[in-house]
Amino acid sequence: MKIRISALLIMILAIGGALFSASKLVASDQASDKASNRPSDNTKTPPAKAPIDYQAEGDRIFTANCSRCHMAPMIISPRITGTVLMHMRVRARLSRHDEQILLKFMAP
Amino acid sequence: MMEKKLRMTRSRWILAFFLVYASMAHAQGDDLQKNSAGYVPVISGGIGYVHNINGGITTLEPQINPVLLLPLGHHVLVESRTSFSGSFQREFQTHGPFTGKVFKSVDYAQADWLLNTHITATAGKYLLPFGLYNERLSPLWIRNLQDSPITSGIGTRTSGAGDGVMLRGMAIEHPSWTIQYSAYFSALSNVNQLQAARTAGGDVSIFLPQRRLEIGTSYQRFLQGKEINSEAVYASWQPHAAPLDLKVEFDQSYYGRGYWIEPAYMLSQVPKGQKFFQHLQVVARMEQFYLVHSGGSSIPGVDTQKFSFGMNYYLRDDTRLLASYGRQFSSQGNANVWNFGFTHRFLWPLWPGRKK
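Residue numbers (the numbering used here), protein chains in the order written: chain A, -1 to 106; chain B, 23 to 378.
In short, the hints are calculated from the structure, not lab data.
Incorrect hints may appear among the rest.
As the list claims (entries may be wrong) - Across the chosen pairs, the derived CB separations fall in these ranges:
{"no.": "1", "chain 1": "A", "residue 1": "M72", "chain 2": "B", "residue 2": "P261", "range": "36 to 44 Å"}
{"no.": "2", "chain 1": "B", "residue 1": "L245", "chain 2": "A", "residue 2": "R58", "range": "23 to 31 Å"}
{"no.": "3", "chain 1": "B", "residue 1": "F114", "chain 2": "A", "residue 2": "M72", "range": "27 to 35 Å"}
{"no.": "4", "chain 1": "A", "residue 1": "S65", "chain 2": "B", "residue 2": "R112", "range": "36 to 44 Å"}
{"no.": "5", "chain 1": "B", "residue 1": "W370", "chain 2": "A", "residue 2": "S65", "range": "20 to 28 Å"}
{"no.": "6", "chain 1": "A", "residue 1": "R58", "chain 2": "B", "residue 2": "K248", "range": "40 to 48 Å"}
{"no.": "7", "chain 1": "A", "residue 1": "A70", "chain 2": "B", "residue 2": "L90", "range": "20 to 28 Å"}
{"no.": "8", "chain 1": "B", "residue 1": "A345", "chain 2": "A", "residue 2": "A70", "range": "21 to 29 Å"}
{"no.": "9", "chain 1": "A", "residue 1": "S65", "chain 2": "B", "residue 2": "F110", "range": "31 to 39 Å"}
{"no.": "10", "chain 1": "B", "residue 1": "W373", "chain 2": "A", "residue 2": "A70", "range": "20 to 28 Å"}
{"no.": "11", "chain 1": "B", "residue 1": "Y336", "chain 2": "A", "residue 2": "R58", "range": "16 to 24 Å"}
{"no.": "12", "chain 1": "A", "residue 1": "A70", "chain 2": "B", "residue 2": "H97", "range": "34 to 42 Å"}
We put the CB at the ideal spot given by N, CA and C, even for glycine.
So that you can see chain A by itself, here it is in the shape it has in the complex (with noise of 0.2 Å):
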């Protein structure tokens, strides 16, 4: 009978985990759409479709660290921008967290 609790204990934390993980997957999704005017289609979009998060926190960033000096730039190749974004890691004192948003962003 333990078994059984404990196994069923086991699986109301897995899908509750499960349930958290999508959850904010939505939240982000509807963030993003937001973010970009489109109407939300939770139905549609797959919970895995994260890198729409991505796009919305990159931008955040971009547009927020690039103008505290010059004009963003409208393009960089992704050839490059892992060796840009060391440079400007340096120069603007961004995170390593800012970092990898925007290499994800710029270079998805």
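Please build the complex by placing chain B on the supplied structure of chain A, with the hints as guidance.
Using the frame of chain A, we list chain B on its own:
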């Protein structure tokens, strides 16, 4: 038997927590590390030409400032900027053929070790992190007005660069504010192209990303000859509501003190002629300098005031035409300062890339 059951239950609990945390981590981190960014060497920088008329004397100033970026893995970057700037004036100032020369200098040549968010260790010749101008706004394709602020010589003696070590990074990272710092020590050097003074100093700033407001302060102790302190306080603001870029800085040292305030506004909100006006930036700068003790280097020997107004037309995000007018007032004489020209920022990979 009971003990065996208990052990099994415990192991299931551990497995359950592992599953929950793994799924949470998946939701938050996902494949953040995965991207297609390349790390090939890059040559970047600015090229431009400025036709300067200062007090009736014309100077032709072609410039090119290539920046070499050489990554060694994902944590070490070797970078260097060299400056080639020409200065050509008429032989008899107002008439005669143009003569002059091209000046070459290594602005910085440094190796950066990106340890983590909080620490980047830099060694070599580096730009002194003092105020807003020297390290961040001095490249010709970045500066909104081509003339440096009058106080830009404060805290950057003797060459604008230091030879030694610097630690920098983000001290505290919070979603709504971050604190950045730089701390350095520079040794005296008279080696050709590596000239630097014996100095120590640093810079601290707080950045509010949601308000796009940065407020900071810099300090430098000059440790050779007459030992003096230099201080700066600055702010930079790019509000969401308008395409405005406002920068303010106050500098002081033993030799003098002064401030500059520079608003730059993109005319993208003009309702008519949007196609033209969205690329046009108007910029103004008010600056005043007050002498405290004479004999300072790189700063005026008398009280000086200057007002400048300019326009930058961006043909693309990396190319612009520029024109500015300034009026300088001092006891040595007033003068009109005109600048016309263009700047272009280039960014090229040095060879076809390998991807991560």
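Note whether the CB distance of S65 of chain A and F110 of chain B lies within 31 to 39 Å or breaks it. holds, 35 Å
Per the hint of 23 to 31 Å, is the separation of the Cβ atoms of L245 of chain B and R58 of chain A within bounds? For L245 of chain B and R58 of chain A the Cβ distance comes to about 42 Å; the hint is violated.
Supplied distance hint 34 to 42 Å, evaluated on CB atoms of A70 of chain A and H97 of chain B: violated, 26 Å
Distance restraint evaluation - Y336 of chain B, R58 of chain A, Cβ atoms, bounds 16 to 24 Å: holds, 23 Å
Range hint compliance [Cβ, S65 of chain A to R112 of chain B, 36 to 44 Å]: holds, 40 Å
Range first: 20 to 28 Å. Now tell me if the beta carbons of W373 of chain B and A70 of chain A are that far apart. Check passed, 26 Å falls within 20 to 28 Å.
So does M72 of chain A sit 36 to 44 Å from P261 of chain B, Cβ to Cβ? Given a distance of about 22 Å, which is not inside 36 to 44 Å, the answer is violated.
Falls inside 40 to 48 Å, the C-beta gap from R58 of chain A to K248 of chain B? With Cβ atoms ~47 Å apart, the hint holds.
Is it true that the C-beta distance of F114 of chain B to M72 of chain A lies inside 27 to 35 Å, as the hint says? Given about 46 Å between the Cβ atoms, the range is violated.
Within 20 to 28 Å: is that where the Cβ-Cβ distance between W370 of chain B and S65 of chain A falls? holds, 24 Å
Range agreement (Cβ of L90 of chain B with Cβ of A70 of chain A, hint 20 to 28 Å): With Cβ atoms ~23 Å apart, the hint holds.
Taking 21 to 29 Å as the stated bounds, is the beta-carbon spacing between A345 of chain B and A70 of chain A within them? For A345 of chain B and A70 of chain A the Cβ distance comes to about 23 Å; the hint holds.
Of the numbered hints listed earlier, those contradicted by the structure are 1, 2, 3 and 12.
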